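For the protein sequence lines, the chains are A and B, in the order given.
If you want this note's numbering, it's the position in the first sequence, counting the first as 1, plus 1.
If you want this note's numbering, it's the position in the second sequence, counting the first as 1, plus 12.
Do not take every clue at face value.
Said to hold, decoys possible - The list that follows gives simulated cross-link-like pairs (lysine-lysine, PhoX-like), each with its CA atoms no further than 25 angstroms apart: (1) A:97 <-> A:63; (2) B:381 <-> B:469; (3) B:497 <-> B:526; (4) A:97 <-> A:167; (5) B:218 <-> A:167; (6) A:65 <-> B:381.
For the record, the hints were derived by calculation from the structure and aren't laboratory data.
Remember, it's a predicted structure, so these values are computed and weren't measured experimentally.
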Amino acid sequence: MLQDGGNATNASAAPQMLPDTIAGAVGLQGTLLGDVLGSLVGAALIGTLMLTMTALAGPWAKRKITAAFTDRIAVNRVGPFGLLIIVADAVRLLSKELIVPDGVDRPAWDLAPLVIASSALLGFAVIPMGNGIQLADPEVGLAYVFAVASIASLGLVMAGYASNNKYSLLGGLRAVAQNLAYEIPLVITGASVVIFAGTLQMSEIVAAQTESFAFGLKSWYAFVNPFAFLLFLVANLAEVGRNPFDTPEAPTEIVAGYQTEYSSVYFVLIYLGEFIHIFLGGAIIATLFLGGPTSPFVGVEILPGFLWFVIKIWAVFLFTQWARSALPRVRIDQLIEIGWKGMLVLSFANLVLTAVIVGVIA
Amino acid sequence: MSLEDPTRPELDVGETEEGVDYDALESLLGEYAIGREEHVNAEAFVVRPDEVQDALFLLRDEAGFDHCSCVTAQEYEDRYESIYHLSKYDDPTQEVEVVVPTSKDDPVSQSAEPVYRTADWHEREAYDLVGIEYEDHPDMRRILLPESWHGHPLSLDYDQEQPQVVTYTEHANPLQEDHSAGENSDTMFLNIGPHHPATHGVLHLKTTLDGEQVADVESDIGYLHRCEEQLCQQGTYRHQIMPYPDRWDYISAGILNEWAYARAAEDLADIDVPEYAQVIRTMSAEMCRIASHMLAVSTFALDVYGDFTAIFQYGVRDREVVQNLLEDLTGQRLMFNYLRLGGVAWDLPEPREEFFEKTRDFLDGLPAKLEEYHNLITSNEVFQLRCVDTGILEPEVAKSYGATGPVARGSGIDYDLRRDDPYGYYDQLDWDVVTEDGCDNYSRLLVRMQEVEESAKIIDQCVDLLEDWPEDEREIQSNVPRTLKPDPDTEIYRSVEGAKGELGIYIRSDGTDKPARFKIRSPCFSNLQTLPEMSEGEYIPDLIAALGSLDIVLGEVDR
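All chains should be modelled from the sequences, with the hints used to inform the complete structure.
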């Protein structure tokens, strides 16, 4: 049944992308103006969508979730369920003084927050969010996502090095070491999915997971290969820097790591980048392992696909918050050890095993 | 030798079944002892300032006095004096003191640092506050006050009106030390604190890093120095001193601290405490210990987990219950001021049954909560990865630094003043001293968590006793003179088992209603000294974890 899921996808018709839909809606389909307009408006829509989710997650949901884990109540005074705290926080954060410490490396220091925030946002361009919401569907979609997500590492190094602060420097160094150690297992585990699906194209990977698997469930790769799913989930925690792998920030050790010297808008941008990164991680997990914007049961499509997609990335967000509330942080040398000696070996074992299974059955 | 009963180890020189034979000690010291004094707690030998090390080596190696709990310095009209309070980890009731007088015009005395490493900080403090200099000391600098301070505040001729003008150039620029190891060095100097998320207050760690590893760490303390000793010297015994102990270890250990002063002053002035009051003291002190240990466990989790996570909130939530009990009893949540010389301030709150019921409810719920902590913390593999075999403190090193409390007991040193030097009602109750042999961060945490259980056992028995106490015998306070004037020139050093370890008070009276010298032996001060031993060569996160496992309160370190 697996090989069917892997090879039968070429037959399905390519769904219409969001920019085309927009261009079509204003009657400019096929023209250059329509392409440009559709792409810009589409990108703006997706960007706004993700920023809205982040705004919800950062000042409000994170507080509420952590409070629930730690036996507290959290924001409940400003607006219904404390939701208006988002507005209050936005005003507060934007009106703070932007402190530029002496001796910071100016262009790099200013660019770092932008790089961190935008790199994660770029990744959403190829994510199929259901109901035809997808900006582009290149044949190397998965490679593209991994590539742009890694640009964030560059931002972390820039922030750490340009801040002229030793805590930032330590944080930057830790961030690079950590990303190196965990991005490889992440990509290798992603490659095992590619072997299953036989394609790097995101929509095809989703399509490959719609077959029937067992107990009425679809052939999500989380069900087909739970081991790879777990590996990916853990590597993703390290990738987004959440407990037990939040060493680059490690508040009790190196104050705030690479972001120690950032205040006001830059602080917001860095935090924004982190949350978008978590959501991007969730989106990748949803696409690769959780069947993208589909329901888990064959023939039961009760909710619109986009809603499924949102539920899945919020589930991953919830998972990171759970880990943050309950798990201790590992030491930097232990983190590197787990990455290079544990995760890397396991991910290669998973890749070889998957290749053998797929090869034999196919 | 083999025929000897193995359960009875050989007695040290001067050790007898009844206690210390000071005549034997005097003959051991020979001509080093040039005089002999009588203090309330023990006898003291006067030693020449240039023979301190020889005398102390003899007492340590031949007579087994392996615990230098405190060094008190003071100035008389005609001389300076350093007093070394010695006792034994095996039996703290065996005490001896070494008095070292130095002349007014040349107050130089030999350092005891080669004998007891704990003397390092204690002698620096003596130099800082009183003005005695110690020869052969590895690092004779001020410790609590800034280097630029003029005069020694506890010396007799100190002018309090003198403005402490510090010129701009005298301010140390911490960044100047950046290249202290040389321009081409591979190490990096890093200031951790005084404001840092993990220093539990205003502690400044001057660390030298080699990559992520700690090459050298030096604690810079004194940011929270509030002249507590001097404040106590300006207060009357009966009422004005008692509020201050609450402010030393302010992490809800107030009653434990108050007891340290109460015990010293009561023994000094020969005041009895009614048994009923002793039971109340024992119960409330153990409540304080639970509150303090709960916070210690929570903040240690905070240091290792890295955020205000579930453990921290659970710990604070459960501590709140015992905090409420203490509030019912004392009327205060932080600065209890509940003990009085000769008893306690007032009886249990009415209705008594309600208080007992609340206390029992708390005790009944405690095992389940501790179980939850063990599930969340101690049995977590990642946590064990972080804490087992990190921050190693060998027992010998711990003793040399005068470490006490859970820090010593986590290194397998079976030392608890509640059992070894009984006071209050402890010797009538059934409880155990907890020790762990791991010598690491994990052991120190385990000791604290198990001590919470032991404290609960003590409270439970106290509640039973109090409930059945006949109504007409509930005497909370003995007769104490309105103005307390202990005999002139009596000296006493007494200690109790505080939340962090041995909390000792030295008082010398001069016949007035105020002490002539009031010295606080803070357990955190001595425990903090062990930090470099535990963290050098380890990673930064281990340094933070080791610091957290020491459970220091800067209010008590700096006093």
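Results for each hint:
1. Between residue 97 (chain A) and residue 63 (chain A) the alpha-carbon distance is near 21 angstroms, which keeps this suggested pair within the 25 angstroms criterion.
2. Simply put, residue 381 (chain B) and residue 469 (chain B) have alpha-carbon atoms about 15 angstroms apart, close enough for the 25 angstroms limit, and the pair holds.
3. Our distance criterion of 25 angstroms between C-alpha atoms is met by residue 497 (chain B) and residue 526 (chain B), whose separation comes to about 8 angstroms.
4. Using a Cα cut-off of 25 angstroms, the hinted pair residue 97 (chain A) and residue 167 (chain A) holds, with the two alpha carbons roughly 24 angstroms apart.
5. Distance check on the hinted pair: residue 218 (chain B) and residue 167 (chain A) sit about 13 angstroms apart at the alpha-carbon level, within 25 angstroms; holds.
6. A hinted pair counts as satisfied when its Cα atoms are at most 25 angstroms apart, and residue 65 (chain A) with residue 381 (chain B) qualifies at roughly 24 angstroms.
Checked against the numbered hints above, the structure breaks none of them.
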